[in-house]
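Protein sequence lines correspond, in order, to chains A and B.
Note that the working numbering has the first sequence beginning at 1, numbered continuously upward.
Note that the working numbering has the second sequence beginning at 1, numbered continuously upward.
What the hints contain is simulated information worked out from the structure, not anything from laboratory work.
Simulated restraints on C-beta separations:
| id | chain 1 | residue 1 | chain 2 | residue 2 | range |
| --- | --- | --- | --- | --- | --- |
| 1 | B | Arg54 | A | Gly34 | 39 to 45 Å |
| 2 | A | Ala119 | B | Ala221 | 41 to 47 Å |
| 3 | B | Val474 | A | Gly34 | 48 to 54 Å |
| 4 | B | Lys429 | A | Trp148 | 47 to 53 Å |
For glycine and all other residues, C-beta sits at the position ideal for the given N, C-alpha and C.
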Amino acid sequence: MRTVLFIGYGNPGRRDDGLGPGLAARVERLAIPGVTVDSDYQLTVEDAEAVARHEVTIFADASVGGTEPFYFRRVSARGAPGFSSHGVEPEEVLALAVDLFGARPEAYVLGIRGYEFNAFGEGLSPRAAANLALAEAFIGGVLRGGSWATGECGDPVESGCAIGGAAVKETLRRR
Amino acid sequence: MKSTTEMKRVIIEPVTRVEGHGKVSLLLDENNVVRQARLHIVEFRGFERFVQGRPYWEMPVLVQRLCGICPVSHHLAAAKAMDRIVGGENLTPTAEKMRRLMHYGQMFQSHALHFFHLCSPDLLFGFDADVAVRNIVGVARKHPQLAVQGVMMRKYGQEIIKATAGKKIHGTGAIPGGVNKNLSIAERDVFLKDLDQMMAWSRSAVKLAKDYTLEHLKTLATFGSFDSNHLSLVRADGAMDLYHGNLRAIDAQGKTIFDQVDYQEYRDCLIEEVRDWSYMKFPFIKSLGPENGWYRVGPLARVNTATFIDTPEAEAERKEFMALTNGKPNNITMAYHWARMIEVLHSIEKIRDLLHDKDLQGTDLVTKGERREEGVGLIEAPRGTLFHHYKVNAQDQVTMANLIVSTTNNNTPMNMAVQRVAQDYLSGKPELTEGLLNHIEVAIRAYDPCLSCATHALGRMPLIVELIDCQGDVVQKLARDTNG
Numbered sequence: 001m002r003t004v005l006f007i008g009y010g011n012p013g014r015r016d017d018g019l020g021p022g023l024a025a026r027v028e029r030l031a032i033p034g035v036t037v038d039s040d041y042q043l044t045v046e047d048a049e050a051v052a053r054h055e056v057t058i059f060a061d062a063s064v065g066g067t068e069p070f071y072f073r074r075v076s077a078r079g080a081p082g083f084s085s086h087g088v089e090p091e092e093v094l095a096l097a098v099d100l101f102g103a104r105p106e107a108y109v110l111g112i113r114g115y116e117f118n119a120f121g122e123g124l125s126p127r128a129a130a131n132l133a134l135a136e137a138f139i140g141g142v143l144r145g146g147s148w149a150t151g152e153c154g155d156p157v158e159s160g161c162a163i164g165g166a167a168v169k170e171t172l173r174r175r
Numbered sequence: 001m002k003s004t005t006e007m008k009r010v011i012i013e014p015v016t017r018v019e020g021h022g023k024v025s026l027l028l029d030e031n032n033v034v035r036q037a038r039l040h041i042v043e044f045r046g047f048e049r050f051v052q053g054r055p056y057w058e059m060p061v062l063v064q065r066l067c068g069i070c071p072v073s074h075h076l077a078a079a080k081a082m083d084r085i086v087g088g089e090n091l092t093p094t095a096e097k098m099r100r101l102m103h104y105g106q107m108f109q110s111h112a113l114h115f116f117h118l119c120s121p122d123l124l125f126g127f128d129a130d131v132a133v134r135n136i137v138g139v140a141r142k143h144p145q146l147a148v149q150g151v152m153m154r155k156y157g158q159e160i161i162k163a164t165a166g167k168k169i170h171g172t173g174a175i176p177g178g179v180n181k182n183l184s185i186a187e188r189d190v191f192l193k194d195l196d197q198m199m200a201w202s203r204s205a206v207k208l209a210k211d212y213t214l215e216h217l218k219t220l221a222t223f224g225s226f227d228s229n230h231l232s233l234v235r236a237d238g239a240m241d242l243y244h245g246n247l248r249a250i251d252a253q254g255k256t257i258f259d260q261v262d263y264q265e266y267r268d269c270l271i272e273e274v275r276d277w278s279y280m281k282f283p284f285i286k287s288l289g290p291e292n293g294w295y296r297v298g299p300l301a302r303v304n305t306a307t308f309i310d311t312p313e314a315e316a317e318r319k320e321f322m323a324l325t326n327g328k329p330n331n332i333t334m335a336y337h338w339a340r341m342i343e344v345l346h347s348i349e350k351i352r353d354l355l356h357d358k359d360l361q362g363t364d365l366v367t368k369g370e371r372r373e374e375g376v377g378l379i380e381a382p383r384g385t386l387f388h389h390y391k392v393n394a395q396d397q398v399t400m401a402n403l404i405v406s407t408t409n410n411n412t413p414m415n416m417a418v419q420r421v422a423q424d425y426l427s428g429k430p431e432l433t434e435g436l437l438n439h440i441e442v443a444i445r446a447y448d449p450c451l452s453c454a455t456h457a458l459g460r461m462p463l464i465v466e467l468i469d470c471q472g473d474v475v476q477k478l479a480r481d482t483n484g
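Extracted from the complex, chain A is given alone in its bound form (with noise of 0.2 Å):
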């Protein structure tokens, strides 16, 4: 069994921001064997220590124009000029865990599409809550062994989302 590590990151005072740290709570619940789950305001430097500890990670974020309801991409290290301390990449994140600890980390982007980023408060959009539902089905079919393959589940309701199997099209036939 591969050790996963799932970080769920953003702002639950910021509405849909909290995508990431909402998916990270429900992953939590899930007690899958081998998945540690992290959650945090945003992706920071020491990040990359962990994820040097682990064989796969996962970053779930808030996405602001992707695919909806989600898209889940391969990522690689890369360094980008930052312009604050405030918060890193996925990319660089990976960039570092290689640089600094030597490992070789497979990673992933999960991207959660949210609509409301404008408004202190809590709690989703309704579309981002139904969002976040079918990325809970799509990553928990993953996380227990199910396919790694990439893709953007787009236009569910059309064609059916092209990644994420049997939970995933359940969770779509339910809405």
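Since the structure of chain A is provided, determine the placement of chain B on it from the hints.
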């Protein structure tokens, strides 16, 4: 000189009102000379209204939603204000020391992160270095030992926060009148194990910042620099105190403007001004007026205002820092980095002292007294003085909130720094290069502003620079987004 009415002034409207967007607009005349340079920080101010009607005891947790970067600072400032509401400002020794440990952990990790992973690329590779190299991954490849130090110092501070606040997101450690947990022996011993290493790395960090400043003094002395007032909390005896104290303000020559002002009365000496081109207010010292009363906060201001530092190694470094300007306030913007590392050393000395203090294992956690309807909480956050002010009605609901965050206090100075750098490095040059953009960023970064804090979701843009000619046309636009 042409009046600005003869040139085209462009107010750049933010795309969205999400906190975390910065915009620099540069206005040129017909000779491409910079006539105006402004940093617009799009700060969403709805939070003060959002908390109205909520019960006061929620505030220390609720305000952490304001900022994902320094939630501990907001947590503690709100808790200090709520201490006043419940009449519990005279904390038990265990409560005050737990809060201080949390705060020094925050200061330690925040400053280390800023220096090693944000500023070190500029300092190690140069402001004009290839942008493909001038980043944290570039540092990791060329100077891996420094990058590891930054990561492990950050992690150490974050673990202290977790042990004292309870968790990383929406910590609950500080409550009105005290704290809800102490530090167990087992938790303490984890931190003691790595303490010597953290001390050693902190000393070397001060040396690195000091050596860099002195080696490049000729350039740095004028880079985005200007005389200013300085403001911070200090202890009753004038010592630097990052957690609690009274307000002191000095001018550029070190003359006292006011001293030992009880921050419950901050409105007697400070005013916030609104300007039509920025969402962020411009605070100033009331007695000096808006033109002359603006001031700097943060590490540079704190080292300048303190009479001394009460930990021996940081005090020795402070003396050396002040000797550079013959004991007068240091007004070099880039000296923020050196001052910041002195505070790192001070913080780890404080953490060491606290970890050896048995009061952290005490069980008397909460106190309270006479109920009040109004309370102000101040703290020296990593980026500077943070103000939280609340009024509460008889039903325990918050009826008024006013927050002055650190970056707001530094609003005018950051604009001054941008103006200075733009005039010195851009005037007469029609093309806005990435190197130029970075010169402006370097000056802003010295203040460690909180631009990208609350909402950071994938695809957001933290900084845009626009060059506007005398016809009002945008000549060039550069955006520093999350992918560089």
